[in-house]
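Work out the full structure: start from the sequences and follow the hints.
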Amino acid sequence: MTGAIGTSTARVDGIAKVTGTARYAYEHPFTDPVYLYPVQATITRGKIDTFHASAAEEVDGVLAVLSPWNAPRLADISDPELTLLQGPEVKFRGQIIGAVIATTPEIARYAQSLVEVGYAEEEHDTVLRTDHPDRYPEDDPQTIGDDVDQALSDAEIVIDQQYSTPEEHNTPMEPHTSVARWHAEEQHLTLTTATQGPHSVVDTLAPLLGLEPQQLRVVSPHVGGGFGSKAAPHAHDVLAALGAMAVPGRSVKYAITRQQGFVFVGYRSPTQQHLRLGARADGTLTAIDHESFSQVSPVGSFSENASSISASMYAADSRRLVHHLVPLDVPPPHWMRAPGEAPGMFALEVAMDELAVAAGVDPVELRLRNDPPRDPATGNRWTSRRLVDCLHEGARQFGWQDRDPRPGVRRDGEWLVGTGMASATYPHVMMPGTKATIRHNGAGRYTVRTGAADIGTGAWTTLTLISADALGISPDRVTMEIGDSSLPTATVAGGSSGTSSWGSAIVAAAEMFRRQHGEDPDAGAQTTGGVSEDPLAEGYTAASFGAHFVEVRVHPGTGEVRVPRMRGVFSIGRVINPRTVRSQLLGGMVMGVSMALHERSVRDPRFGHVVTQDLASYHVPVHADIEDMDASWLDDSDELATPMGSRGAGEIGIVGSAAAIANAVYHATGLRLRHLPLTPAVLLGD
Amino acid sequence: MNPFDYERATDAAGAVTSVAARPGATFLAGGTNLVDHLKLGITSPELLVDISHLPLTTIEEEADGALVIGANVRNADLAAHPLVRSRHPVLSRALLSGASGQLRNLATTGGNLLQRTRCVYFQDVTTPCNKRVPGSGCSAIGGHTEQHAILGASEHCVAVHPSDMAVALAALDAEVLFLGPDGPGSVTVEELHRLPGDAPEQDTVLDPGHLITAIRIPAPAPGARSTYRKARERSSFAFALVSLAAETVVEDGVIARARLALGGVAHKPWRAHRAEEVLRGAPATTETFTAAAEAELDHARPLEGNAFKVPMARTMMIAALEELTGEDA
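Keeping their order, the protein sequence lines are chains G and P.
Oh and the first sequence: position 414 is 414 in full-length UniProt numbering, straight run, nothing missing.
Oh and the second sequence: position 227 is 227 in full-length UniProt numbering, straight run, nothing missing.
Fair warning: there could be bad hints in the mix.
Claimed, not checked - Within a straight-line C-alpha distance of at most 20 Å, the following computed SDA-like cross-link-like pairs (lysine to any residue) qualify:
| id | chain 1 | residue 1 | chain 2 | residue 2 |
| --- | --- | --- | --- | --- |
| 1 | P | K39 | G | E174 |
| 2 | G | K47 | G | R73 |
| 3 | P | K39 | G | T104 |
| 4 | P | K39 | G | P105 |
| 5 | P | K39 | P | F4 |
| 6 | P | K39 | G | M173 |
| 7 | P | K39 | P | T26 |
| 8 | P | K39 | G | V59 |
| 9 | P | K39 | G | Q259 |
| 10 | P | K39 | G | Y26 |
| 11 | P | K39 | G | E106 |
To be verified - Computed list of chain P residues with no C-beta within reach of chain G, every gap over 10 Å:
| id | residue |
| --- | --- |
| 12 | R22 |
| 13 | L40 |
| 14 | H53 |
| 15 | E62 |
| 16 | P82 |
| 17 | R232 |
| 18 | T286 |
Hints listed in this document are in silico derivations from the structure and should not be mistaken for laboratory results.
Positions of the beta carbon are idealized from the N, C-alpha and C atoms, including for glycine.
Written out as structure tokens, the structure reads:
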């Protein structure tokens, strides 16, 4: 290895991005573009009776109006989220029930307003309740070890509390966009779309549209944020494809509005959680009972399982985990950064803070006492579990030593000051199936191709560094090609698995290339290789760990909460590119601040839709909210997990960070708050 | 959006004539609010008369020390003006606490006053709203009301006015100078905005053909101190939960003059006359400040979901008065 890995490297696509020449989905040059705007249901449940499109069709510039009756039929209707315009049923408010295609976006949007829709409306229910009569457990309760109820009744300390996290929406800078062009003669569809996985889009949409995989090409070289919401195609992709088939030979462009981003491109379900911790007097856990609830859509099955985080985090002889789903008349929840882990760790790490207070043990010390030598869920060995080191290093950096545990006693002027901490974890995920092609272009220059996606994470650069070391050359001799389904198959940028999965494939392909072509290959020499299985050995569990330390200031009169200082220390294996990894970790921590203090999609039960549907009413932090924040990592390498020694870093930053803030708010004020977000209204008692 | 006509005005009188002559015509200045409304379908004017090029861009001092601010002065320029910063810090601070740098570079003085509520139901054409469609009902009542009014609301509308600048101007007894089809006129900022009553569709007392040309701020009293405080969920770029513009003159430990206006609590910038009455002539003590805040907030009628605004406003009033009248102020 020449050592490109580990060298802080500016993004290879950085200049293109800051000069505006890196093309996002909407920005590619398309000949003969036309524009699509959807018609959306204004009821939450029922059937469409009438759909009068004549006024819209008469508008100058309107090329087509799609309805449930005239839209092309789909070949595969097994995924109800993507079964668009195939029938009159309305399952959630804002559902796409038609579309206008026109020569300008303004005409399409205007004409859409002229479509008259009549409904047979039915009663709806959009409120998540733990006593909902239709609730059902996702699986049988996962019971590990001894009887939980007995252990809880024997425990010297019991923490028994309810926690909740609200509905939250991904709000990437780049709106979800799809541009579709149907080449009728070749029977071929090109979809230029903002996606976290071009091949996943092909795999999902080709059968739906009755196409062979080679009849669909997905192009996505640059993506402006995804956070999971672009990890699979959503309704807008199907709509653009249907639109393209209605106007063959034209590029049908559709970028969703910010308001539509709060409807049909996925979101984090609200969670309700009941957590019971049993412990000995010294804080050693004996029992963990974690029960959680999330909502599920009639047109989807995605589950925000918040309780499973408690399977492996801490040692305890008795453990029971169960997650319930509540079917409601809502759009389908989907991935949002650390689905399950983020809300689950909020509850678990606030409960741990409560246990620390109850036991009179420092919160860091409490976690040290409960660190499991083996994975409690399976009895597996850890490839590398260094939570303890993260806790020590974080405490050192933050200056946690000699912290006065008393709540509500520190002031700076009008402001109450407090500190808090929480652990972080995220499972190591490596998805087999990625292939990469290595080609020698001559003169020691190589092109490496794989259908990976860079959603702002730095994959263009990270994969360049991995390729350079795998081939034993310097990074400037590598040309990466990613973001296109015409490249070799790659798995999705999701579950913090991208670099692990794609990088492993590149390493394998490079080894094969050298075996086949040697160190001095001919120009044009080419090899395609990949990884067909996860190399993690039987009997091992691999996961990343971390620790968050936070200072907060709370204004007792106005309830304002600010976060002047935050430190995160992580164990994520070997760091490929320190510059972009730091950004990813900080981004996760910022999103944790956001989750703690701001984000909340208010779904109005009377109407059934989210009424906080723009960035003025759905808040995420602005620059002024992020003050002294830093992320760092242990000097690490986990070669049992991946050949690069790396593990994922995309999601762990958000996990636990909201709990650290809530714990700091307790330390500042004495108020134990278990329901996010911690807004001034909540602090002032509403 | 709906098709519309566009006309670029070359002088104020011509702009007034164009808008007054045609129902469905409206003025366009910075466009930071109106363009959103066009996209969202909240309004569909037939004619936009663009006044952004009219030379209403000066800030001039009159002989009596009053400042006359052109309606097209950008928010950023107004906040940075030396005379505003030195004489009316409350106005500079209010402006700088509003919106973002980019918006302040575009938004105008006149437009800021005439911006409309950010009530989420007003902005969502799929829900009833009396302000958007008179008689259709108020969706905020019984809905998501964290941002809504605690003072002066009606059963027809509980929206709040979103401006920070207007709150400071109300406290400063500023006047709005306008031009109408019948010539020039004026109204105080406090009188400009209406309470919703049974006609929440009317934000102000101006007619559609009335063009704001300038704002006039009287000279400050000798010894006056002023400040602006805004409580919000994040540190910047958020509308006020509660804001407060306050100015006091203290002589020998007694409050000679106090002017207070609250934002984020009502359909208009809320001039706290009841509090001012308690303060005037009273000793500058915490007891006085508390009594003043109570006198005003006794009239608060919070909704389900925004009762927190009452203690929030009380704290802010007392703290601002302490700050302005303190020894080291």
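Structure-based check of all given hints:
Between K39 (chain P) and E174 (chain G) the CA atoms are separated by roughly 18 Å; this keeps the pair inside 20 Å, and the hint holds. Our distance criterion of 20 Å between C-alpha atoms is met by K47 (chain G) and R73 (chain G), whose separation comes to about 19 Å. As the CA atoms of K39 (chain P) and T104 (chain G) are separated by approximately 14 Å, the hinted pair is consistent with the 20 Å bound. Between K39 (chain P) and P105 (chain G) the alpha-carbon distance is near 11 Å, which keeps this suggested pair within the 20 Å criterion.
Pair hint K39 (chain P) plus F4 (chain P) holds up; C-alpha atoms about 13 Å apart against a cutoff of 20 Å. As the CA atoms of K39 (chain P) and M173 (chain G) are separated by approximately 19 Å, the hinted pair is consistent with the 20 Å bound. Restraint check: the Cα-Cα separation between K39 (chain P) and T26 (chain P) comes to about 16 Å, which is no more than 20 Å; the hinted pair holds. Proposed proximity of K39 (chain P) and V59 (chain G) is supported: the alpha carbons are some 18 Å apart, at most 20 Å.
Of the pairs offered as hints, the one joining K39 (chain P) and Q259 (chain G) holds, with about 11 Å between alpha carbons and a cut-off of 20 Å not exceeded. Distance restraint check for K39 (chain P) and Y26 (chain G): the Cα-Cα separation of roughly 19 Å lies within the 20 Å cut-off, and the hinted pair is therefore satisfied. Taken as a hint, the K39 (chain P) and E106 (chain G) pair is honoured in the structure, with Cα atoms around 9 Å apart against an allowance of 20 Å. Interface exclusion of R22 (chain P) from chain G stands, the closest Cβ pair being 20 Å apart, more than 10 Å.
At roughly 8 Å, the least C-beta separation between L40 (chain P) and chain G is not larger than 10 Å, which violates its mark as non-interface. Every Cβ of chain G is farther than 10 Å from the Cβ of H53 (chain P); the closest lies at roughly 24 Å, confirming the non-interface assignment. Remark: the non-interface label on E62 (chain P) is consistent with the geometry, its nearest Cβ contact in chain G lying 37 Å away (cut-off 10 Å). With a least CB separation of 25 Å from chain G, P82 (chain P) remains clear of the 10 Å interface cut-off, as annotated.
Listed as a non-interface residue, R232 (chain P) fails to keep its Cβ farther than 10 Å from every Cβ of chain G; the least gap is roughly 7 Å. Once the 10 Å rule is applied to beta carbons, T286 (chain P) is consistent with being away from chain G; the minimum gap is 13 Å.
Hint compliance for this structure: hints 13 and 17 are not met, and every other hint is.
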